[in-house]
Amino acid sequence: MAIEPSPARLSIYDAAAANRWRTIALIAAFTALIVVLGYFVGEYFAPGGGPAVLPFAFALSIGGALASYFAGDRLILAQSQARELRPDEEQQLHNIVETLAIGLGIPTPRLYVIEDSAPNAFATGRDPQHASVVVTRGLLDKLDRTELEGVIAHELSHVGNRDIRVMVLVTVLVGTVALLADWMWRSMFWGRGRDRDRGGGGAIIAVIAIALAVLTPIIATLIQLAVSRQREYLADASGALLTRYPPGLVSALRKIAADKEALEVANKATASLYFANPLKDAPAFFDHLFDTHPPIQERIKRLEAM
Amino acid sequence: MEIVVVAVIIAALALFFIGTYNRLITLRQRVKEAWADIDVQLKRRHDLIPNLVETVKGYATHESTVFQNVTQARAAAVAAGASASPQERAQAENMLTTALRSVFAVAENYPQLQAVQEFKDLSENLTATEDKIAFARRFYNGNVRDFNTALQTFPTNVFAGMLGFKPEEYFELAEAGEREVPQVKF
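If you read the protein sequences in the order shown, they are chains L and Y.
Going by my numbering, the first residue of the first sequence is number 1, and it counts up by one from there.
Going by my numbering, the first residue of the second sequence is number 307, and it counts up by one from there.
It is possible that part of the hints are untrue.
[Unchecked claim] With the C-beta cut set under 10 Å, the calculated list includes, among others, these residues of chain L facing chain Y:
| # | residue |
| --- | --- |
| 1 | R74 |
| 2 | Q91 |
| 3 | N95 |
| 4 | L242 |
[Claimed, not checked] Listing some non-contacts, in silico: residues in chain L with all C-beta distances to chain Y over 12 Å:
| # | residue |
| --- | --- |
| 5 | G50 |
| 6 | Y69 |
| 7 | R86 |
| 8 | I96 |
| 9 | V214 |
| 10 | L241 |
| 11 | K255 |
| 12 | D259 |
Quick caveat, the hints were computed from the structure, so don't treat them as lab data.
As the structure is a prediction and not an experimental result, all values here were calculated from the model.
C-beta atoms are modelled at their ideal positions from N, C-alpha and C, and glycine is treated no differently.
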């Protein structure tokens, strides 16, 4: 029996170590962002009031990070209307997941289903011990066994690589930032009348605050997308390495690309979690900058080159 | 001045040794964990076999040699599971796989048996378990490869032996038995 050489970079232990740093960097960046944002909000509403807001901003960002670390996966599962599968339901899926999990050396994750005919899947959780894999009804109905194995292997690679933790944090934190910026934007718009008697310094601060409020969600989204696309290629590669059968995953990608149905429960915040873009509405304006997923054709090309 | 230089060199060497030692321990621990996965699945296969033999026996009454063989092979595999090295265990498991295949070959001659739900469940369970053994073995061998590579590359190989590290054995099932799980046609 030949021991297949695997590129060292694909070891799940390496990817996991990289993701640990990414998690720390993410929380630090989020905290910094909220604190800066909070400072300018304070300055805007009461000149000199910025420092007073800082403790609140700190508490908010740390609290937000903790909450998304421990409860983010449940939030995402509930938002997606996923239902946990009983052990006697979908025997084939259970077998596939158990077998592939053994091949990766991770515990068998919990299994959920979304009753929607659009074929898609995602994995979430904070570590392999608290991981969940979600598939849609459409995925179970439209894919055959080898294709399903390809998709599950891709999702389990996210679990093994500890991508899921980063993805949960990104989804929840970026969602929070977008929400806050949105709220600030509106409060400035409605609150403008009060601040007519401000001096020039106040006006500068106001401009910066507005700029931040506009830029923050854009920056946050860009981070989310940048992190997401590289991960998908890696998960495709390690998934194919796990099943030793890239054509299964290729065929699944083709089927999903051909399917034009959008997944109802997915939204902008959760889109990047999924196996393939569930929204099916690539915005023409920002085009590739805002794609949550690498183009399926590119993913297929890379898999076929293996 | 020389004392400082010597001290720095000694400290650097000590750090290097500690780092290498801990890395080897981590890698060896992963091999052990992966081995536990294989062990679970092999035991599961051992547990399924007596039921299978009983079920097939009920229909194929004249095939006692086949049943004796598989029972013996199972006993040998269970015994090997208690103590033997991966290599010896793999041998015992290969014997068991062969014996098991002859049970399924016998079962094919009894159409009534093929219709029994219990037999269907058992053969499906066995197929699934053999799949899991194959994947557990792959994971184990990957970890053994990582450990052995770390052990045998310079400069670790110079002192790894002194620290009591030995290369781990791969778990190699027969080439044919690897992918060919008992095929049962209904």
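Status of each hint after checking the structure:
no.	hint	verdict
1	R74	28 Å, violated
2	Q91	9 Å, holds
3	N95	5 Å, holds
4	L242	8 Å, holds
5	G50	45 Å, holds
6	Y69	25 Å, holds
7	R86	18 Å, holds
8	I96	9 Å, violated
9	V214	47 Å, holds
10	L241	10 Å, violated
11	K255	24 Å, holds
12	D259	29 Å, holds
In the structure shown, a violation is registered for the earlier hints numbered 1, 8 and 10, in ascending order.
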